[in-house]
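S.K.: Those protein sequence lines, which keep their order, are chains A and B.
Letter by letter, the first sequence follows residues 398 to 637 of this note's numbering.
Letter by letter, the second sequence follows residues 398 to 637 of this note's numbering.
Do not rely on the hints blindly, as some may be mistaken.
[Stated by the list, open to error] As a list, the in silico DSS-like pairs of lysine-lysine whose alpha-carbon atoms are at most 30 Å apart: (1) A/Lys493 / B/Lys624; (2) A/Lys586 / B/Lys400; (3) B/Lys567 / A/Lys539.
Keep in mind that the hints were calculated from the coordinates and are not lab data.
On a predicted model such as this, the values are computed, not experimentally measured, just so you know.
There are 2 protein chains.
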Amino acid sequence: MAKLYVIGIGPGGREHMTLKAVETIKKSDIIVGYTPYIDYLGDLVKGKEIYSTGMKGEIERCKLAIKKVKEGKNTAIISTGDAGLYGMAGPILELKEDIEVEIIPGVTAAFSAASELGSPIMHDFASISLSDLLTPWEVIEKRIEKAAEGDFVIAIYNPRSKGRKDHLEKAVEIMLKYKEGDTPVGIVKNSGRGNTEIILTTLVNISYEKVDMLSILIIGNSNTYVKDDQMITPRGYHIR
Amino acid sequence: MAKLYVIGIGPGGREHMTLKAVETIKKSDIIVGYTPYIDYLGDLVKGKEIYSTGMKGEIERCKLAIKKVKEGKNTAIISTGDAGLYGMAGPILELKEDIEVEIIPGVTAAFSAASELGSPIMHDFASISLSDLLTPWEVIEKRIEKAAEGDFVIAIYNPRSKGRKDHLEKAVEIMLKYKEGDTPVGIVKNSGRGNTEIILTTLVNISYEKVDMLSILIIGNSNTYVKDDQMITPRGYHIR
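When you get a sec, could you build the whole thing from the sequences and use the hints?
M.R.: Here it is in structure tokens:
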């Protein structure tokens, strides 16, 4: 019976794909995904039936993938990072009807960015998206507040949306109620994609104009420090 | 110049390792890790110089790996999941002195468990370890409280420690101040390791005796629901 595979391909670079993601793409007849993500796959999808659509076409992609499985084709729908975090796993399971679905996890951008910054996450952390396309801004603000109050390391996805440009500024304002101004902040652009750019700064010194939609921010907790240009969050004690 | 690679091998099964993790292990002369993790690697480490130690030997392993790099050997130190979350990246960077270190990210257990449960994370989430070996219990309690107050999906690592057995009960008690009793909870034992066991329950119905140290718990947010035995957290709207 044909199956729908929801595949997290990691941050973008082939090297961060899992063996299972690669194997599953190879055995799929049809590949569905957002155009730039399909491009990351390069020769892996050569000769396959490919359906790629623009950024806004998520639900359209899900419905198309489900339709292809019903037509008897093994179909892979592509997410970057992990398919189960801000990815395609949710919409597919909400829409799937009676077809068989397998979700293949991947390396999320926050972990890839962390590996490029040092070990900024390491301990308890909260992942928050600043996109208010699907979530009311009030909910996002409350989560930022509670995560900061709990002294979590905070990973910020979608720091800038085409619509409102001041989301990140507002988020930082809230975090500063609980986190020190000199809390280390790592900004990573194009994490895991070869052309990675890294900025190490502090909560009061973020250059907002340098943060784009493809950036991930990692804000430290009260123990996070910088040593040899690496952002380090200890696991709660001092090692010597 | 010899290098120290801190490698996140994913939840355990070979299939969830990234291409880079596999390639890096292959090119390393020396492999250092907790004995059961080394066992996951099987023939990948055949013929290599292997140093494996017990659970309490973490710092000992870090120091040994650093020593081997100073002796000119390319050395890989193994973490399960992602090396940067509750893994070896932090201790290594705290101890590394002047050697070159590269961190290779991986699939963390919460994402592997999520893929086996459906799409329970999907949106903003908090990762919290209940182990108080390195973190005061009061800090852990506060984080559980704030994460629940912020309506985060919550992924619980180390739900049971050999020492105190009532950590999870206490955590649930705190979460019930903000989350409904019928909030879906997914418990996954040995996620991504072939012998995976899954329990779908609710916050008031957790069978604590079935939760062991190798279990990951995912507690839903206020929108999480169960359909066809799958735990689904929507991305903040209804798709139809």
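S.K.: All hints, please: hold or fail.
M.R.: Hints and how they fare:
At roughly 11 Å between alpha-carbon atoms, A/Lys493 and B/Lys624 fall within 30 Å of each other, so this suggested pair holds. The suggested pairing of A/Lys586 with B/Lys400 holds, with an alpha-carbon distance near 25 Å, which does not exceed 30 Å. About 24 Å separates the Cα atoms of B/Lys567 and A/Lys539, which keeps this hinted pair within 30 Å; it holds.
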